[in-house]
Amino acid sequence: MFDYKLSPKSPLDGFVLEADGARLREINGFALISIAAPHQGEGALKSVLKNTLGIDLPKPGFSSRSETTPDITLMSVGHDQWFVRFLETEKSSVEWVADAVGNFAAITDQSDSWTQIELSGISARMSLECVLPVDTDPSVFPEGAVSRTVLEHLGVIVTRQPNAADGGGYCFLLLSPRSSAKSFLHALTGSPPFHF
Amino acid sequence: MIINHPLLGPRDATEFSYLGDASLMHRPEWQSDDAENQFYEYQYLRDNKAGIHRELWYHEQGDRSWLVVTRNTLTHEISSVELASDVARREGRSR
Amino acid sequence: MTQKNRIGGGLIDQNRSVQFNFDGRLFEGYEGDTLASALLANDVKLVGRSFKYHRPRGIFSAGSEEPSALVTLREGAYSEPNARATVTEIYDGLSARSQNKFGSLNFDLMAINDLLSPLLTAGFYYKTFMWPAVFWEKVYEPIIRQAAGLGKLSGAEDPDRYNKGFLYCDLLVIGTGPSGLMAALTAARAGLRVIVADEDFRMGGRLNAERYEVGEMPAADWAAATLAEFMSMDNVRVMSRTTIFGAYDHGIYGALERVSDHVAEGSGDVRQIAWRIYTKRAILAAGSTERSIAFGNNDRPGVMMAGSVRAYVNRWGVAPGKRVAIFTNNDDGWQTAYDLQGQGVEVSAIVDSREQTTLLPPKGVRVVLGGRIVDTKGRLGLKKIILSDGQDVAADCLAVSGGWSPNVHLTCHQRGIPVWDDKIVGFVPGATLPMGMAVAGAANGVMTLNACLQSGLDAGNSVVEALGRTVSKSKTPKAQDEVSAASAFWYVNESKGRAWLDLQNDITAKDVKLSYQEGFRSVEHLKRYTTIGMATDQGKTSNILGLAVMAEISGKSIAETGTTIFRPPYTPVSIAALAGRSRGKDFRPARLTPSHNWAAEQGAVFVNTGAWRRAQWFPKEGETHWRQSVNREVLATRASVGICDVSTLGKIDIQGKDATDFINRVYANAFAKLAIGKTRYGLMLREDGLVMDDGTTARLSEHHYLMTTTTANAVSVFRHLEFCHQCLWPNLDVQLISATEQFAQIAVAGPNSRKLLEKIIDPEYDISNDAFAFMACGDITVCGGIKSRLFRISFSGELAYEIAVPTRYGDSLMRVLMDAGDEFDVTPYGTEALGVMRIEKGHAAGNELNGQTTALNLGLGKIVSRKKDCIGNILSLREEMVRNDGLRLVGFKPVDPAMSLNAGSHFIGVGAEAKTSNDQGWMSSVTYSPNLETSIGLGFIKSGDQRMGEKVRAVDLVNNKSVEVEITSPHFFDPEGGRLRV
Amino acid sequence: MRYSVLSLLKEAFNGNKGWKPAWRDPEPQAEYDVIIVGGGGHGLATAYYLAREFGINRVAVLEKGWIGSGNVGRNTTIIRSNYLLDGNQPFYEQSLKLWEGLEQDFNYNAMVSQRGIINLYHSDPQRDAFVRRANSMRLSGADAEILNQNTIREMCPFLDFDNARFPIQGGLIQRRGGTVRHDAVAWGYARGADQRGVDILQNCEVTDFIIENGVCSGVETNRGSIRANKVGVAVAGSSGRVMAQAGMRLPIETHVLQAFVSEGLKPVLPGVITFGAGHFYVSQSDKGGLVFGGDIDGYNSYAQRGNLPVVEDVCESGMAIMPMIGRSKLLRMWGGVMDMSMDGSPIIDKTPIDGLYLNAGWCYGGFKATPASGWCFAHLLAKDEPHKTATKYRLDRFKRGAMVDERGAGAQPNLH
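Chains as they are written, first to last, in the numbering used here: chain A, 1 to 196; chain B, 1001 to 1095; chain C, 2001 to 2982; chain D, 3001 to 3416.
A portion of the hints provided could be inaccurate.
Restricting the straight-line Cα-Cα distance to at most 25 Å, the calculated cross-link-like pairs of lysine-lysine (PhoX-like) are [what the hints assert, rightly or not]: (1) A:K91 / A:K46; (2) D:K3010 / C:K2942; (3) D:K3010 / C:K2513.
Don't read these hints as lab results, they were simulated from the structure. Just so we're clear, the structure is a prediction, and the values are computed from it rather than from any experiment.
Modelling step: build the complete structure from the supplied sequences, incorporating the hints.
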């Protein structure tokens, strides 16, 4: 019935690249909704998240996973600020989060603000050494750890995800601003083992 | 340099932007009698200490916290790092 | 291709022959050779020329301290000037060339300088070349520059790739001699995360150069075994060919790893990696460097450091000479004699400056105690040495040992000052070390093998303990302590001929004396006046001699004279490595607008605005000049409708119960009473009262605003808002987040903009003028339910909107608008047309908001509220900033409409002379207005608001242009703004 | 003794035995007409001009270490007068004119080399700003030209024109700009001042000011108290520290600036080149080293050393405009302390304390200012009124709102 239709585009058109021991791929379909606690409202937000989503507010520098719906993660990205990350559905992601947290947080859609790239494999850590100023040693950067920093002049949020089930090594999710997605990808593929 | 963020632990100073002396938190009252002079001193004059210096850093490429860092300007040794909002509240800056 | 000086043995693989080329001649060496060892094996002694006098230079050392054997490696764009032959690994096909010669290496024309040396003393150039003044650039300097420098850049772009990287560890061990290996082993076995780094390609330090035993095996084998153990441990990273070049704050070290310098170019690998290593602790075990003794003509090829001669024999199986003499002031020099003799090399004499020693002379070797060498002979290479009693000794190699200086360099990088130690006759690390650093072994003045091992063990254990691990009781492997008595003897006073201190910069003992005589007596003055220690080796073997000569003249001790401190880098680091990948197109990231691909398909010309790449204009077929495209875009927009991607503006989402209050405090104009669903222009000041930024802010709901900033200031405004919130008003309930990237925002401007938008906006939304008036904003849906925001704001002065959709739809929205707008001849426009229209409307932009202008300057003085506390309003009232005769932003039109205007022109009164005192202001922005059919400009001129209609000259001296202009209102087009509100 | 080619020849035949110290090493006297605190370029130049131009030679220069140990001995040696604002342009032009005759004036070859300085621009707004600046220069009598890309390419074919992230569009050239052998400036002024009777007192550290009833009448030092009618402080980098002894707070922060030199290379650069899309300026010394620098580290520091991020940033910018330098090697880097003022411009003024005068706030542009700074400070000390080219450098300008803010960065010193 509508004459005109808008079609979505992903930042990197579904990019995938594999090399010795590492794989880079763009991740799509995950909503990122920022929730920020109001002044002195962190306690209340904490309870409501626990009640509605079964998820704990993670410590700074970490993420947490919903006990009831494992697909939902909550990443600490700023003081008094978190990103809820979950698979997008038909329903508006913002409304979905608003239903869960009500007035206990300021809600801002960030789903289109970031490019999401997964780097996995036995060479993943080595690959990051040449771009990422984060100590990814498992002793200090365990599963769920989140770090926000700079990578080749670009802002980045990196989080360690569960290892691949087949023993394929570490798995990192990297978020970087969408407008510079191509430069970000270029930075990642310039590292070993990709060396584009 | 490395700044030991009170929430996030040690972070490379490249993630931060520097502003200057932490006295910049002490913004004068706009309606005081000599407001213009107070604002002048607030904005322009500095102790510029050679030694222990309290200063403001912003975790721009991080969690966006403003921090009050106590650092020796002769050695760069950092002795304390606090969230600026905590300091501001402690110093009684309300609204 | 015979290697006539190869004597066999050593740590090279004589089964693997390597062919290389030096100055056009082909040579053979073996895998494991350096260029220096291979040249020595081939009996090549002369390898370069010195800087000032072009004296013949040979190979002086066997390590990174080398002052003399500098060569240019490889060819063409791969050329690397000033490489040290002593640390260059040879590989098949390597080519190397000698440097700094005019003519051939054997007959260097510039060697004539040497004859003029009485004239060319230290600092001679400060005393002449002054007359006449113009001769400096025209005559003198070109001659001097002709002689400047050593190696030569190819002039071509460096074709190699480089990386930067980041490593983390509990302990960094710098150097892999006995103490370094022992320290690392101790820490590694205790479970610490250890990085072990060494500049050499074969790790082990002096263990590879000596004939010691450690742990009942040859020292080199023990080193190899220890390294093999490291390789098997997950918690140890072994980094050879890696120089720790700098110690920075808080345990951060700079390291250069030479990944592929030892293989032929084009290997595909990066050439080098500049690592930043973050450490909790570091142990400096960098060993020590042998220093020379100054005596007459001690610079001839063949005069070498004694420890280096030993290294060539022991590690590389090369005899640096057929007949070697030794000149020493310490026990260690004798070790060279023993090792040489053990390998069957003839030792012609040991000249020891000391009167006595308990050491046993090697069999058949002439020993001269209390001996002095006063001169040497041999034009291009050493032939004999002359003793103070006039006797001569035949030698084609002289091994000199002036004692060993601890490598304290990295301890100085945070301005630690080394202290003199009489016992070892050298400077040892001072009390103030970089945070987390400890020093072990010879670097700390521990000069014997067994003690070095113990020192490493102790240092390792201290770190283990400090980091909360269990200290084991293990001991050092068995080793012997060698003799190490040293004496202070620096300079043969009775030398015949010049006694050289700095072999690269050609500094003699006489130069130091002259420096003292002329009053340059502090060590820093000495260094700067003579240039001692300022060459590529930074005086690693020579500085101490300069200090010693200075101390002797001044009658002070070296301890009193003091030393200059070492600064990074430890050895020179290629600039490309420090740049990593940030060069060329990758110098900085590029930000692309949501409609970038679409614009590229249209053939748009792009422009950099900060990090963004924006469409500047969209050329159409037949347009031959950019002005045609821009005029068309402007006219079409004003006539019907144009669209432009304006997503680059900063967008800040502001929420919270106190959001209104907060915004009212950060904007200078009133914001307390903005209605929900409305947008308002906001002017933001810095606290000093000058304009920081401007934009529009929309009130989306009771406690929810969306602020826009200029493209350029998005980051700094956000930082400023967080500062205000966290540091000034921490109890306001406000939450801020950037939403710049979230929305694709398209300006739809022109009389038909509403009609166009109505075609795509879902029908339940009424955007008629009544329902959605100028400055309205609201959430809408488009194209069947896509959530969007609509703002009725206008930069162009037309009926206009900005529509924002989630970024993923931005590309599609642009295509849909083009499609739907076909009936209106919709025209995409770029930043140029945007600029034309904003100048026609008199809006300030980047050229006006340059950080030097006040609201009053911009003609916005009236909107700054005096009735509230907001950032900047108090200081904006300072006397000089509210002067009536201050600059005001006004419009300018050429009196002759055919004349064009230039931005950057200054305003000078008609008939007045063009000089600073007559300068009344400047033109900030100009454009050709296709609507007014003339050039127009915005500019700042004194009291401009009171001078409408007055004529002045816009003077552009650098472009030879002076145009008479009339001062007008800055609102050139539709000054009443009627077009906005229809 | 006068330096000339004849003196060199004479001494060459004489075994160089006749050279005398370039300056005396006197004991402090009890009293002087003027004390200059700070034996750097500015302090020594002030003493020189006090003696030479204003006939005041009962002058002592007090230096806590060795003369020239501050920023005059650690900088990138650039001279230029390519300034925008009225308060700056005539002052720096005066300085450049003084450089042009300096060597003959003080009989010391400081290798003033006017091989030109090119500021590259990379965008239209930057071009507009450069045209404005170039016109300011021309209005005050300085030379300035705007060059297009082709001309720059002919002059500097090694720049990256074809593969750059921020392509070079053109440049502003001041042909009279260039470089000077920095140490020689301090030595030349010191020698010239000494010859005119000025006492240069090294290893003489000021520990306090003698201030009674709001009047400064001398200083306490580690070599005893020294009285003077007037005390001028020229200790940029340490101004905050020194003036705190007089109880003053200044509109200045102390920051660290790093500078860099490469190994010696055969000459490739024609003059000074500055990058317009990053922080990088470079020239090549007469010994062949590339001498370059970039931005300050950005935090308050008296530590005289910097950190790696700025080193990397500078090298990135260097590679971005001249990728041929990749295979040359960084030989040495060092850090100096800078008086970063609140508007990026200096202060040459009386203080509220009678008899105490201040020369400060040079940010990282003090070297090129040395002659004019000395001249204007000497003028102020001699006549008690600012020299005509330094009238905008008043201490109270921030209170009045008359900032001289070349960059428009506002009251944040690390942005200037």
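Status of the hints after comparison with the structure:
1. A:K91 / A:K46: 24 Å, holds
2. D:K3010 / C:K2942: Since the Cα atoms of K3010 (chain D) and K2942 (chain C) sit roughly 63 Å apart, the hinted pair is violated (cutoff 25 Å).
3. D:K3010 / C:K2513: 18 Å, holds
Of the numbered hints given earlier, the model fails hint 2 alone.
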